[in-house]
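Undergrad: The task is simple: from the sequences and hints, build the whole structure.
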Amino acid sequence: MLKRYGKKNGAILAFFCHHNNRSAGVSIMFKKGLDFTIHDTKFDQNGRYIVIDITLFEQRLTLVCLYGYNTDEPLLFDDILYKIAFYANTSILLCGDWNVVQDCNLDTYNILHKRNPKSREKIEEIIEKLELLDPWRTCHPTDRKFTWRQPSPIKQSRLDYFLVTEDIYSLMKNTKIIPGYKTDHSAIVFTFSASLAKRGKGYWKFNSQLVRDVEYVEKIKTCIKDTISEYYLSGDIQNCLDVKLTCNDQLFFEILKMKIRTLSISYSIEKNREDREHTSKLEKEVEQLENIMNMSPNVNVQATLYGKKLELENKREQKIEGIDFSLDLQAMLDINFTKKIKEMSSILKAWEHRKLTLLGKITVVKTLALPKIIHLLTLLTALPNLSQIKIKEFNTLFYNFIWNGELERIKRNTLIGDFMQGGLNMVHLSSFSTYLKISWVRRLLLNLEGSWQTLYYCLN
Numbered sequence: 001m002l003k004r005y006g007k008k009n010g011a012i013l014a015f016f017c018h019h020n021n022r023s024a025g026v027s028i029m030f031k032k033g034l035d036f037t038i039h040d041t042k043f044d045q046n047g048r049y050i051v052i053d054i055t056l057f058e059q060r061l062t063l064v065c066l067y068g069y070n071t072d073e074p075l076l077f078d079d080i081l082y083k084i085a086f087y088a089n090t091s092i093l094l095c096g097d098w099n100v101v102q103d104c105n106l107d108t109y110n111i112l113h114k115r116n117p118k119s120r121e122k123i124e125e126i127i128e129k130l131e132l133l134d135p136w137r138t139c140h141p142t143d144r145k146f147t148w149r150q151p152s153p154i155k156q157s158r159l160d161y162f163l164v165t166e167d168i169y170s171l172m173k174n175t176k177i178i179p180g181y182k183t184d185h186s187a188i189v190f191t192f193s194a195s196l197a198k199r200g201k202g203y204w205k206f207n208s209q210l211v212r213d214v215e216y217v218e219k220i221k222t223c224i225k226d227t228i229s230e231y232y233l234s235g236d237i238q239n240c241l242d243v244k245l246t247c248n249d250q251l252f253f254e255i256l257k258m259k260i261r262t263l264s265i266s267y268s269i270e271k272n273r274e275d276r277e278h279t280s281k282l283e284k285e286v287e288q289l290e291n292i293m294n295m296s297p298n299v300n301v302q303a304t305l306y307g308k309k310l311e312l313e314n315k316r317e318q319k320i321e322g323i324d325f326s327l328d329l330q331a332m333l334d335i336n337f338t339k340k341i342k343e344m345s346s347i348l349k350a351w352e353h354r355k356l357t358l359l360g361k362i363t364v365v366k367t368l369a370l371p372k373i374i375h376l377l378t379l380l381t382a383l384p385n386l387s388q389i390k391i392k393e394f395n396t397l398f399y400n401f402i403w404n405g406e407l408e409r410i411k412r413n414t415l416i417g418d419f420m421q422g423g424l425n426m427v428h429l430s431s432f433s434t435y436l437k438i439s440w441v442r443r444l445l446l447n448l449e450g451s452w453q454t455l456y457y458c459l460n
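In the numbering used here, the protein residues as written are 1 to 460.
Below 27 Å or equal to it, Euclidean Cα-Cα: the simulated DSSO-like pairs (lysine-lysine) are:
id, residue 1, residue 2
1, 271, 219
2, 31, 176
3, 118, 145
4, 366, 340
5, 339, 437
6, 308, 145
7, 339, 392
8, 411, 372
9, 372, 340
10, 182, 31
11, 342, 390
12, 129, 83
13, 281, 145
14, 349, 339
15, 340, 390
16, 129, 42
17, 284, 155
18, 281, 176
19, 182, 339
20, 182, 308
21, 437, 342
22, 182, 155
23, 392, 349
24, 271, 281
25, 372, 390
26, 257, 244
27, 32, 176
28, 31, 83
29, 118, 42
30, 390, 437
31, 145, 176
32, 259, 221
33, 355, 372
Beta-carbon label-pair distances, calculated as ranges:
id, residue 1, residue 2, range
34, 194, 437, 39 to 49 Å
35, 224, 154, 53 to 63 Å
36, 212, 259, 18 to 28 Å
37, 58, 85, 20 to 30 Å
38, 408, 244, 47 to 57 Å
No lab work stands behind these hints: they were computed from the structure. Because the structure is a prediction, the values reported are computed rather than measured. Note that the Cβ used here is the ideal one computed from N, Cα and C, for glycine as well.
TA: Here is the structure:
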């Protein structure tokens, strides 16, 4: 199945081709602002390759991303060669996990048998017919470096590589093997200059993640207080809304926005610099350890390498709008909601000793605790519904707070009823979660502008 994602001004920003959610799949993604035109695409029903006929910065080329079989399947490479020949482009770039090494001596360690010999012959045929080069091997003709590693017993292979035509190779800026992310493979990089044009800095946009940064929030509060003090004329300076200033409110607001913008930019730059330095240090340590493993592998170095790679993975952990993402959808739900349960528990604990009425406690649940998961329930709308176990966990937390951990004296079905029915409008989690999912249908039908709608239509 081939999926196109993220149309913008008629341009597709990504292609995904997969067999199922547990095996085989390849993807080609394009950075926003890249000057390219897609003419045609071909793909494998089993998720083994995508072939794209593309014009990139006025240069027509064939782009191939592939994932070879673990077994000897030469017909896959016959099929890829046929698809490439169909376009008749002279510039060609192939990349991926071939699951076949080119040189059994240089590209393997502690692997006794020459695996997939027929597939290797087909790859050699592709290289010869299309006159392709392996950029990394061309630059490092005698080096031993691997992209796949098995921990016990230690086995290593260079299974991932680029193959390009000479004209593309002549545009190369660099090629390297770098640490991978959440995989037993390393990442491979091939950078080439397709255009000399450079983009400008663009407009500054506020990073909403900063509001979750305690240090940043304190700096902004201080900035507001300092700005008020700078333009203070009279009134209670402890009450920001009850002071007179030496300038009108509109001018003060513009000055304050300018100062917050300046502070935000400088703070973000500093944080990014620190983050880059830390990440760069970890990457260098991983690279050094991998070089040792390439030359003289041993169990101790491997253990240290594993620890550093784990630290690097944690550093790179993807977070979008406060959500942790995972390939396992159910695990993704569990990770995110487990965090929120702890946060809600802390909030309710702070209120449990206050003398509140039943309605007051329900109000605390709905206004302080529940909003902690509304964000997740809204944005994770495409994921499976909350499991009954998770709903029970939330309800136990809420109702223990309402009844102080004692026997519930009113049935839950009564509490969730509305006031006219003698209830207290307590939230019904299962219905509430479904409502948030359905609300996206209304947004879709209203045809409001948004890239998520494009994604929906592409996938359906």
